[in-house]
Amino acid sequence: MTVKLVLRDKEYEVKPGMTLLDSLKKTGVLPESVIASRDGELILEDEILRDGEVIKLIAVISGGSGD
Amino acid sequence: MKCKTCGGKAAVNLKQHRLALCKEHFLEWMPEQTARFIKKYWMFGPDEKILVAVSGGKDSLSLWDILWRLGYHVDGLYLGLGIDEGISYSEESHRLTEKFAAERGLKLHVVDVEKTYGHSIPMLAQKTLRGHGKPCSVCGLTKRHEMNRIARDMGYDVLATGHNLDDEAAVLFGNTLTWSQDFLLRQAPVLPESDGLARKVKPLCRFYEKEMTAYAILRGIEYIYEECPFATGSTSIYYKELLNRLENDRPGAKMIFYISFLEAKSNGLFVEHQKVKPVLNNCPTCGQPTSSTGECSFCRMTNKVSDQSSVISLK
Numbered sequence: 001m002t003v004k005l006v007l008r009d010k011e012y013e014v015k016p017g018m019t020l021l022d023s024l025k026k027t028g029v030l031p032e033s034v035i036a037s038r039d040g041e042l043i044l045e046d047e048i049l050r051d052g053e054v055i056k057l058i059a060v061i062s063g064g065s066g067d
Numbered sequence: 068m069k070c071k072t073c074g075g076k077a078a079v080n081l082k083q084h085r086l087a088l089c090k091e092h093f094l095e096w097m098p099e100q101t102a103r104f105i106k107k108y109w110m111f112g113p114d115e116k117i118l119v120a121v122s123g124g125k126d127s128l129s130l131w132d133i134l135w136r137l138g139y140h141v142d143g144l145y146l147g148l149g150i151d152e153g154i155s156y157s158e159e160s161h162r163l164t165e166k167f168a169a170e171r172g173l174k175l176h177v178v179d180v181e182k183t184y185g186h187s188i189p190m191l192a193q194k195t196l197r198g199h200g201k202p203c204s205v206c207g208l209t210k211r212h213e214m215n216r217i218a219r220d221m222g223y224d225v226l227a228t229g230h231n232l233d234d235e236a237a238v239l240f241g242n243t244l245t246w247s248q249d250f251l252l253r254q255a256p257v258l259p260e261s262d263g264l265a266r267k268v269k270p271l272c273r274f275y276e277k278e279m280t281a282y283a284i285l286r287g288i289e290y291i292y293e294e295c296p297f298a299t300g301s302t303s304i305y306y307k308e309l310l311n312r313l314e315n316d317r318p319g320a321k322m323i324f325y326i327s328f329l330e331a332k333s334n335g336l337f338v339e340h341q342k343v344k345p346v347l348n349n350c351p352t353c354g355q356p357t358s359s360t361g362e363c364s365f366c367r368m369t370n371k372v373s374d375q376s377s378v379i380s381l382k
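Protein chains in written order, with the working numbering: chain B, 1 to 67; chain Z, 68 to 382.
It is possible that some hints are incorrect.
Stated by the list, open to error - Taking lysine-lysine pairs in the DSS-like style, the calculated list, with each CA pair at most 27 Å apart, reads:
1) B:K26 x Z:K182
2) Z:K76 x Z:K90
3) B:K4 x Z:K174
4) B:K4 x Z:K69
5) Z:K166 x B:K56
6) Z:K106 x Z:K90
7) Z:K69 x B:K56
8) Z:K182 x Z:K194
9) Z:K90 x Z:K71
Bear in mind the hints are in silico, worked out from the structure with no lab data behind them. Quick caveat: nothing in here was measured; it's all calculated off a predicted structure.
Model the full structure from these sequences, guided by the hints.
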């Protein structure tokens, strides 16, 4: 009975029935730093996560010299 | 959460604006807002020729897409930096940029730094003291030089870059920590053209990085997701993370930080300092403006590396 969150090469498991926001807080991923998608569709922080699904987290920060 | 425009399921929640939008209305909202900022900051007019610097990343490709959709005459410039680091970073960035341009029938200029100057960015960084072994400083210097050269030589009116609000807030944060007056003075959505220097504009400077990522994904733009291997652990990323922690607790904090700075500056925060204008000379080698009395920093760097190579080959 888990939901999998995948961020780059890291995977986190959380309980189903939580909101995306709560699951991010639980795993220590800063909500401002990621976008979440389910089956290719973007989902928001109030979305309830369902058993067995895989949520892809997309990192939004890029950096470097800034030129 | 529902779209404020149509009541459908929202795909993006812009907390700092208290605005949630569905895919369709977010993809309409982004170009509309970009057009608003282009006018607000007097970036360029409808008949001007724009060169957009593209890296293959989400911001620059999205900027090119938006300006093209708004009907501007906009071409792209890709600089091949020669960064591999086991993930073919530059090669993949180049491929994605070419693909983007080809799909839309857009004109792309490509400058390969190694083919043009004999050394890739990592090679240049190794051979100079600039940046103490990290190539970011050499990369920044080279990009500024080459972007200006191509914009000027190819007759573009303006050079556009994909800096977003997070980029600008991170730079501002760093410069505020040290109260670097010169850098604070120069940070703006528009840097006007002057003798030999193209006008530089940042049409995305009011969008959060998260919005730019959402735009690229929802628009179906394939961009390089991998971070530049040399950017890992960089100060700019560290500042962005700090600001995102603040944003998480106080939605809108990043936006207020940046916009308040622009307003304070336009209200005369740096008036006294503005009276002193640096004297610019023309570099005797490339002709570009420089504050130095001899060659510009870029030409000094490439000449130094060439001299070293000659000595090594003679040995």
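Against the structure, the hints:
About 49 Å separates the Cα atoms of B:K26 and Z:K182, which puts this hinted pair outside 27 Å; it is violated. Using a Cα cut-off of 27 Å, the hinted pair Z:K76 and Z:K90 holds, with the two alpha carbons roughly 9 Å apart. Pair hint B:K4 plus Z:K174 does not hold up; C-alpha atoms about 42 Å apart against a cutoff of 27 Å. Distance check on the hinted pair: B:K4 and Z:K69 sit about 25 Å apart at the alpha-carbon level, within 27 Å; holds.
For the suggested pair Z:K166 and B:K56, the alpha carbons sit about 25 Å apart, so the restraint of at most 27 Å is met. With a CA separation close to 25 Å, the supplied pair Z:K106 and Z:K90 stays within the 27 Å bound. This hinted pair checks out: Z:K69 and B:K56 have alpha carbons roughly 22 Å apart, not beyond 27 Å. With a C-alpha separation of about 17 Å, the suggested pair Z:K182 and Z:K194 falls inside the 27 Å cut-off, and the hint holds.
About 12 Å separates the Cα atoms of Z:K90 and Z:K71, which keeps this hinted pair within 27 Å; it holds.
In terms of the numbered hints stated before, the structure departs from hints 1 and 3, listed from lowest to highest.
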